[in-house]
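Asker: Now for the letters of each chain:
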Amino acid sequence: MGSLFRSEEMCLTQLFLQSGSAYDCISELGEMGMVEFRDLNPSVNLFQRKFVTELKRCEEMERILGYLLREIKRADIPLPEGEVNPVAPLPKHVLVIMEQLQRLEVELSEVTRNKEKLQKNLLELTEYTHMLRITRNFVHRSAECEPPQVQYEEFPFLEKDSMMDYSSMQRLGAKLGFISGLIQRRKIEAFERMLWRVCKGYTILSYSEIDEYLEDPDTGEPTKSVVFLISYWGEQIGQKVKKICDCYHCHVYPYPNSNEERNDVVEGLRTRIQDLHTVLHRTEDYLRQVLNKASESVYTWVIQVKKMKAIYHILNLCSFDVTNKCLIAEVWCPVNDLPILRRALEEGSRKSGATVPSFVNRIPSNDTPPTLIRTNKFTSGFQNIVEAYGVGNYREVNPAPYTIITFPFLFAVMFGDLGHGVIMALFALWMVLYEDNRKLKRTRNEIWNTFFEGRYIILMMGLFSVYTGLIYNDCFSKSLNIFGSGWSVNAMFESGNWTWDSTLRTNAFLTLDPNVPGVFNGPYPLGIDPIWNLASNRLTFLNSYKMKMSVIVGISHMSFGVILGIFNHLHFRKKFNLYLVLLPELLFLLCLFGYLVFMIIYKWLAFSARDSQMAPSILIHFINMFLMQGDGVPPLFPGQVGLQVFLVVIALLSVPVLLLGKPVYLYWLHNGGANRIGMYRGYERVRRHSEEELSLMRANDMEEGSVPSDLSTSREQQKEEFDFGDMFLHQSIHTIEYCLGCISNTASYLRLWALSLAHAREYQHTTSNCILY
Amino acid sequence: MAELSFVIPMSVMTLFWGIIGGVVPWFVPKGPNRGVIVTMLVLTAVCCYLFWLIAILAQLNPLFGPALKNDTIWYMYYHLP
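First to last, the protein sequences are chains A and B.
Following full-length UniProt numbering, the numbering of the first sequence begins with 1 at its first residue and continues without gaps.
Following full-length UniProt numbering, the numbering of the second sequence begins with 1 at its first residue and continues without gaps.
Since the hints were made in silico from the structure, they are not lab data.
On a predicted model such as this, the values are computed, not experimentally measured, just so you know.
C-beta: ideal position from N, C-alpha, C; glycine also.
Any given hint could turn out to be false.
[Claimed, not checked] Taking lysine to aspartate or glutamate and the DMTMM-like style, the derived pairs with C-alpha atoms no more than 25 Å apart in a straight line are: (1) Lys117(A) <-> Glu9(A); (2) Lys306(A) <-> Glu31(A); (3) Lys478(A) <-> Asp71(B); (4) Lys187(A) <-> Glu209(A); (5) Lys69(B) <-> Glu494(A); (6) Lys351(A) <-> Glu31(A); (7) Lys73(A) <-> Glu267(A); (8) Lys73(A) <-> Glu284(A); (9) Lys309(A) <-> Asp501(A); (10) Lys69(B) <-> Asp501(A); (11) Lys377(A) <-> Glu762(A); (12) Lys309(A) <-> Glu9(A); (13) Lys30(B) <-> Glu9(A); (14) Lys325(A) <-> Glu36(A); (15) Lys242(A) <-> Glu54(A); (16) Lys30(B) <-> Asp337(A); (17) Lys309(A) <-> Glu494(A); (18) Lys574(A) <-> Glu124(A); (19) Lys200(A) <-> Glu267(A); (20) Lys200(A) <-> Glu189(A); (21) Lys30(B) <-> Glu8(A); (22) Lys293(A) <-> Glu105(A); (23) Lys92(A) <-> Glu124(A); (24) Lys200(A) <-> Glu212(A); (25) Lys69(B) <-> Glu31(A); (26) Lys69(B) <-> Glu762(A); (27) Lys603(A) <-> Asp71(B).
[Said to hold, decoys possible] Here are the in silico distance ranges between beta carbons for each label pair: (28) Gln613(A) <-> Val7(B): 50 to 60 Å; (29) Thr767(A) <-> Val7(B): 30 to 40 Å; (30) Val641(A) <-> Val7(B): 41 to 51 Å; (31) Asp71(B) <-> Pro517(A): 21 to 31 Å; (32) Ile447(A) <-> Val7(B): 45 to 55 Å; (33) Leu570(A) <-> Pro29(B): 20 to 30 Å; (34) Glu387(A) <-> Pro29(B): 50 to 60 Å; (35) Pro29(B) <-> Leu627(A): 23 to 33 Å; (36) Val7(B) <-> Ala606(A): 32 to 42 Å; (37) Val7(B) <-> Asn336(A): 18 to 28 Å; (38) Pro29(B) <-> Arg63(A): 29 to 39 Å; (39) Pro638(A) <-> Pro29(B): 51 to 61 Å; (40) Val7(B) <-> Pro635(A): 54 to 64 Å.
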């Protein structure tokens, strides 16, 4: 199977890059995308590395690009849809891009500032217009409301002149002042109360609400404002009123003295507002133009800057050699990809026009290489699910190819509805057929993206659900009767058990008896018999069936997983693991739970309706097995008690073997046998790769004089210590985890029963409550 | 009769999933995905066959029958063959 069965074979290589062509070589390697760089400067602080200035420049560009993207999105300008994948730009082109970006940023910020100022201006003028309009209504209204009175000579202020002007007030001997402005609606009551308390009735406040919403300049939200007009007597009061207005953040505008003045101001305001609108439009057009031009290339720049940043980050991981002319990098590379790696280096050297080519050298290592598993668009979804639980070690068996089938199958066991399965499969099929459609691939909706990424998983789940729905005989919570039910009602009548008058009319529910000949004609050939859908004791039958099915499926699944471990033990050449770890594990699992499965199947086959009165409960037998009590209940089969004791003893014995076998054996290997210590010490402790290969390579290196990196030698020393305590602790944790896990995981497979029950009932309730109404 | 109605479905299904799991893998063309496809076929056959087998074994010797409403019984007696 190649790469999906277990992870790829990796090798550690050293790259020697000429400093002139380092950037291009790494760019080529990045496009190839198959190598992992090791950090050769772990002790150096991030800020002291060599290419820090370039990284800072990249981050500055990223900041500007982020700002640009935000502005473009705010202006609702569509971004180009096409797939762009530009290569990283050469360092000499970087300055050009940087300059362009900076220019764009400056222009954009200036234009936005201007626009904001203009908008603020416009708001003020609009408010002033509203205020003038409404205060005119105040004065008119008050004049209309007053009934015609006898006019006294001394007080001619009730004449047609509807405006209270200074002259009439001066006759009264008081200096009348006006303050007018706008205040937010939610503050108006508090304002009024404050005015009353402070000025003790020497002010008159009239106010009225503006109908339309005005934008609040601070928050940008539409708020309702109220226009007020305060008329006051006296200078002192005027000061107090002004202070109160300041306190409540009112926008105060000058109140015109006479009608003519008011009309002039209104005219002036109108022209100014019109001018402002035009200027604002022009500004917005210009802004859009700038953003449009930027939006064409913004994605290209984003990707280029990202690639550049990645290249400098990788360059920071490399170290310079003694002559300072060449960069050394240590790289994990799959063995199969070594030729591609060489070609990429040649390409990079050629592109940068270097005279001396960069080359690659394979070096031996004792470190654990990283795990690489190549996936295609179909298998990547399942591999991601498996990796969510943990990434396997190097060259361990990969559980992903099996989850391609088992994961959708177990989902389908829980889903189990033919109709819903068809809908699900069609939905996934649509996504798969149109997967190349760019609009589907590129949406920003998170939830849709999740579904789209898992389209193959959903397709498999739908297809298996169709099958399990067929077996459960559940199609939109109704049963299909393809082959004819195995249960016959007629036989109950013919045998005389039921009569028309007495039995049928007096009983609401009647149970068919399989003991009566002719009632049960054999099991339904494909799945659950459709008559159970009509029965009131349907759940009694289905629960028993589904629980036993869950246990059988669960034990099979778990045994399969344990058996897969054989491949690991054989590959890593630890045959002792087969006898000391795998065998006890299997024995424990199968002696206890495999026997349970056997009992289930035996009961299905051996007990029929004839002995239904004495059919034993498997659960009670299972519990009795552990308590070693066999006497209370009749046995399932002869010799059951003896067999159960035997199985329990084997299972209990396998636990200490699992716990102690491996540590004791390894301890004996490590210490026992005098001739083992000495010459072969170094040879023996290396367990990772093939031992001979490694020692040969070491010998070669010492002859050629090349030096493997310092780090790998120091790490080696630590690993070769055989720590019995550590090994024992590890093994005891594994034992406890395994034994407890067997029990709890078996029980947790009962979720297959629980969820399929929930799905069926849920849909049934939905149909009966919603659709039938 | 009861025996026959069990033997026929048993042999048909065993044959069907046996072909899918045992014969078709030999005909999968050689390519990078051969291993994955063979694994998928074998696992599908095993899982689906096991699931069907459990369903039919559970119903082979029923210990009790369905409890029907008398309306249903009346309908079944008169309208079903």
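Asker: Hints first: check each against the structure and report whether it holds.
Answerer: Evaluated hints:
{"no.": "1", "hint": "Lys117(A) <-> Glu9(A)", "verdict": "violated, 64 Å"}
{"no.": "2", "hint": "Lys306(A) <-> Glu31(A)", "verdict": "holds, 13 Å"}
{"no.": "3", "hint": "Lys478(A) <-> Asp71(B)", "verdict": "holds, 18 Å"}
{"no.": "4", "hint": "Lys187(A) <-> Glu209(A)", "verdict": "holds, 12 Å"}
{"no.": "5", "hint": "Lys69(B) <-> Glu494(A)", "verdict": "holds, 18 Å"}
{"no.": "6", "hint": "Lys351(A) <-> Glu31(A)", "verdict": "holds, 14 Å"}
{"no.": "7", "hint": "Lys73(A) <-> Glu267(A)", "verdict": "violated, 39 Å"}
{"no.": "8", "hint": "Lys73(A) <-> Glu284(A)", "verdict": "holds, 15 Å"}
{"no.": "9", "hint": "Lys309(A) <-> Asp501(A)", "verdict": "violated, 89 Å"}
{"no.": "10", "hint": "Lys69(B) <-> Asp501(A)", "verdict": "holds, 15 Å"}
{"no.": "11", "hint": "Lys377(A) <-> Glu762(A)", "verdict": "violated, 34 Å"}
{"no.": "12", "hint": "Lys309(A) <-> Glu9(A)", "verdict": "violated, 29 Å"}
{"no.": "13", "hint": "Lys30(B) <-> Glu9(A)", "verdict": "holds, 22 Å"}
{"no.": "14", "hint": "Lys325(A) <-> Glu36(A)", "verdict": "holds, 23 Å"}
{"no.": "15", "hint": "Lys242(A) <-> Glu54(A)", "verdict": "violated, 57 Å"}
{"no.": "16", "hint": "Lys30(B) <-> Asp337(A)", "verdict": "holds, 21 Å"}
{"no.": "17", "hint": "Lys309(A) <-> Glu494(A)", "verdict": "violated, 87 Å"}
{"no.": "18", "hint": "Lys574(A) <-> Glu124(A)", "verdict": "violated, 84 Å"}
{"no.": "19", "hint": "Lys200(A) <-> Glu267(A)", "verdict": "violated, 37 Å"}
{"no.": "20", "hint": "Lys200(A) <-> Glu189(A)", "verdict": "holds, 16 Å"}
{"no.": "21", "hint": "Lys30(B) <-> Glu8(A)", "verdict": "holds, 20 Å"}
{"no.": "22", "hint": "Lys293(A) <-> Glu105(A)", "verdict": "holds, 13 Å"}
{"no.": "23", "hint": "Lys92(A) <-> Glu124(A)", "verdict": "violated, 50 Å"}
{"no.": "24", "hint": "Lys200(A) <-> Glu212(A)", "verdict": "violated, 33 Å"}
{"no.": "25", "hint": "Lys69(B) <-> Glu31(A)", "verdict": "violated, 71 Å"}
{"no.": "26", "hint": "Lys69(B) <-> Glu762(A)", "verdict": "holds, 23 Å"}
{"no.": "27", "hint": "Lys603(A) <-> Asp71(B)", "verdict": "violated, 34 Å"}
{"no.": "28", "hint": "Gln613(A) <-> Val7(B): 50 to 60 Å", "verdict": "violated, 29 Å"}
{"no.": "29", "hint": "Thr767(A) <-> Val7(B): 30 to 40 Å", "verdict": "holds, 37 Å"}
{"no.": "30", "hint": "Val641(A) <-> Val7(B): 41 to 51 Å", "verdict": "violated, 34 Å"}
{"no.": "31", "hint": "Asp71(B) <-> Pro517(A): 21 to 31 Å", "verdict": "holds, 26 Å"}
{"no.": "32", "hint": "Ile447(A) <-> Val7(B): 45 to 55 Å", "verdict": "holds, 50 Å"}
{"no.": "33", "hint": "Leu570(A) <-> Pro29(B): 20 to 30 Å", "verdict": "holds, 29 Å"}
{"no.": "34", "hint": "Glu387(A) <-> Pro29(B): 50 to 60 Å", "verdict": "violated, 29 Å"}
{"no.": "35", "hint": "Pro29(B) <-> Leu627(A): 23 to 33 Å", "verdict": "violated, 57 Å"}
{"no.": "36", "hint": "Val7(B) <-> Ala606(A): 32 to 42 Å", "verdict": "violated, 18 Å"}
{"no.": "37", "hint": "Val7(B) <-> Asn336(A): 18 to 28 Å", "verdict": "violated, 52 Å"}
{"no.": "38", "hint": "Pro29(B) <-> Arg63(A): 29 to 39 Å", "verdict": "violated, 53 Å"}
{"no.": "39", "hint": "Pro638(A) <-> Pro29(B): 51 to 61 Å", "verdict": "holds, 54 Å"}
{"no.": "40", "hint": "Val7(B) <-> Pro635(A): 54 to 64 Å", "verdict": "violated, 30 Å"}
Comparing the model with each numbered hint stated earlier shows that hints 1, 7, 9, 11, 12, 15, 17, 18, 19, 23, 24, 25, 27, 28, 30, 34, 35, 36, 37, 38, 40 do not hold.
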